[in-house]
Amino acid sequence: MLIAKVIGTTISTIKDEKLHSRKLLILRQTDETGAVFGKPYVAVDTVDAGIGDLVLTAAGSSARQTNLTKDSPVDSVIMAVIDSLEVDGTVTFRKS
Amino acid sequence: MLIAKVIGTTISTIKDEKLHSRKLLILRQTDETGAVFGKPYVAVDTVDAGIGDLVLTAAGSSARQTNLTKDSPVDSVIMAVIDSLEVDGTVTFRKS
Amino acid sequence: MLIAKVIGTTISTIKDEKLHSRKLLILRQTDETGAVFGKPYVAVDTVDAGIGDLVLTAAGSSARQTNLTKDSPVDSVIMAVIDSLEVDGTVTFRKS
Amino acid sequence: MLIAKVIGTTISTIKDEKLHSRKLLILRQTDETGAVFGKPYVAVDTVDAGIGDLVLTAAGSSARQTNLTKDSPVDSVIMAVIDSLEVDGTVTFRKS
Amino acid sequence: MLIAKVIGTTISTIKDEKLHSRKLLILRQTDETGAVFGKPYVAVDTVDAGIGDLVLTAAGSSARQTNLTKDSPVDSVIMAVIDSLEVDGTVTFRKS
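Residue numbers (numbering that gives the first Met the number 0), protein chains in the order written: chain H, 0 to 95; chain E, 0 to 95; chain X, 0 to 95; chain C, 0 to 95; chain D, 0 to 95.
Don't take every hint at face value.
It does not matter which identical chain is meant; a pair holds if it fits inside one copy or across any two.
What the hints assert, rightly or not - For lysine to any residue, the following SDA-like pairs were computed, each having C-alpha atoms within a straight-line distance of at most 20 Å:
id	residue 1	residue 2
1	69	6
2	94	12
3	22	91
4	4	88
5	94	32
6	94	30
7	94	13
8	17	93
9	4	70
10	38	83
11	22	83
12	38	16
13	69	88
14	38	20
15	4	50
16	4	86
17	38	88
Note that these hints are calculated values from the structure, not bench results.
Assemble the whole structure, with the sequences as input and the hints as a guide.
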């Protein structure tokens with residue numbers, strides 16, 4: 000899984016029928032402190048994540064293993080909201 | 000999913016039998032403003048996307064989860080046309 | 000799918016039994032004009048592609064969705080030979 | 000599989016129901032000597048790995064082929080703890 | 000598939016039960032001449048490859064399509080030993 004920050008939202012009227020009423024959020028990967036890097040990508044939200052939240056995303060066929068994404072043409076899913084991260088005994092991120 | 004711009008078309012007479020009458024479009028990934036970067040890739044269109052449209056593409060086995068791509072040897076599918084993108088409360092892209 | 004150019008052949012006496020009599024070709028990815036870049040990779044040919052041809056390759060489990068690759072340990076397949084590519088209204092590649 | 004070092008832990012109260020009581024560890028890829036490089040990623044631990052251990056992680060649908068990860072929305076799993084690595088006849092890493 | 004050189008071995012006492020008695024080798028990707036580049040990765044050997052051999056590896060779910068790797072948590076498999084490679088009519092590698 001990747002550690003990522005939710006930075007935005009997408010709106011699409013025309014989309015695959017299995018995606019209706021699914022929330023497609025824009026994310027950027029982060030390191031263990033929550034600092035973003037790299038280009039944005041889009042994932043289906045299954046845990047009611049909010050803008051600014053640090054989350055975990057799973058990619059590929061694993062993205063279809065939730066109740067909301069089963070059999071859907073989606074390759075990335077937010078499956079956890081991060082409360083805190085700890086590296087080498089130090090808390091590097093805590094949700095505010 | 001990746002945010003991408005449809006930039007062109009491919010024509011292939013010789014192809015896998017499951018791809019006959021499928022539209023294979025050329026795309027380049029974009030950031031949240033629609034600015035393209037990176038090298039072109041090809042995806043099956045399932046939402047009647049047009050040249051210049053910003054779309055979402057799903058990769059891997061997820062690309063086969065639409066009615067048009069089921070059981071086909073394709074690893075990328077256009078499954079949504081983007082109307083608008085919003086990042087940090089600001090609209091960064093709106094379809095013209 | 001990736002746009003790629005067939006540049007060579009591989010010969011392997013010792014290989015998985017499901018690969019016997021399969022043609023494993025060497026490719027390099029290209030841009031929309033057919034200019035190669037990046038490192039070589041190998042794909043199973045299912046469309047009788049020739050050296051120098053521009054083709055499309057599908058990766059991952061999608062590579063096993065052809066009659067010749069079903070249930071085989073292969074992660075890349077040539078599933079189309081490109082006749083022409085057009086970007087922004089201009090033909091950028093035509094098979095000679 | 001990737002050679003990776005376990006560097007930290009994640010805590011998530013809100014997560015997919017299939018992930019409850021699963022240990023999600025932070026890792027960074029290493030070379031054959033155990034030197035880390037690249038950005039952190041997160042994997043499910045199935046072998047009781049500890050902080051500082053060198054491990055192997057499997058990605059994609061393969062991450063769901065263990066008893067602890069079956070049908071879960073996870074795309075990376077720790078499936079082995081490394082005792083030692085040997086390259087060109089020389090031991091390059093040995094667990095202390 | 001990737002062209003890769005077998006450079007070493009891994010030893011793991013603690014691993015997923017499906018991996019017992021499987022040989023996990025360290026590889027580095029090569030170009031068409033056998034010159035290595037990039038960081039090491041690990042694959043299951045199914046063709047009795049030796050240190051120094053040039054081989055082909057398949058990734059993802061395709062890595063589980065051999066008799067030795069079925070249903071195992073592995074994402075890379077050696078499925079062929081390369082005898083020779085030919086690019087643009089010239090032999091670029093021949094097994095010695």
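* To do: Against the earlier hints, flag every one the structure doesn't satisfy and list their numbers going up.
  => Violated hints: 1, 8, 9, 12, 13 and 14; rest satisfied.
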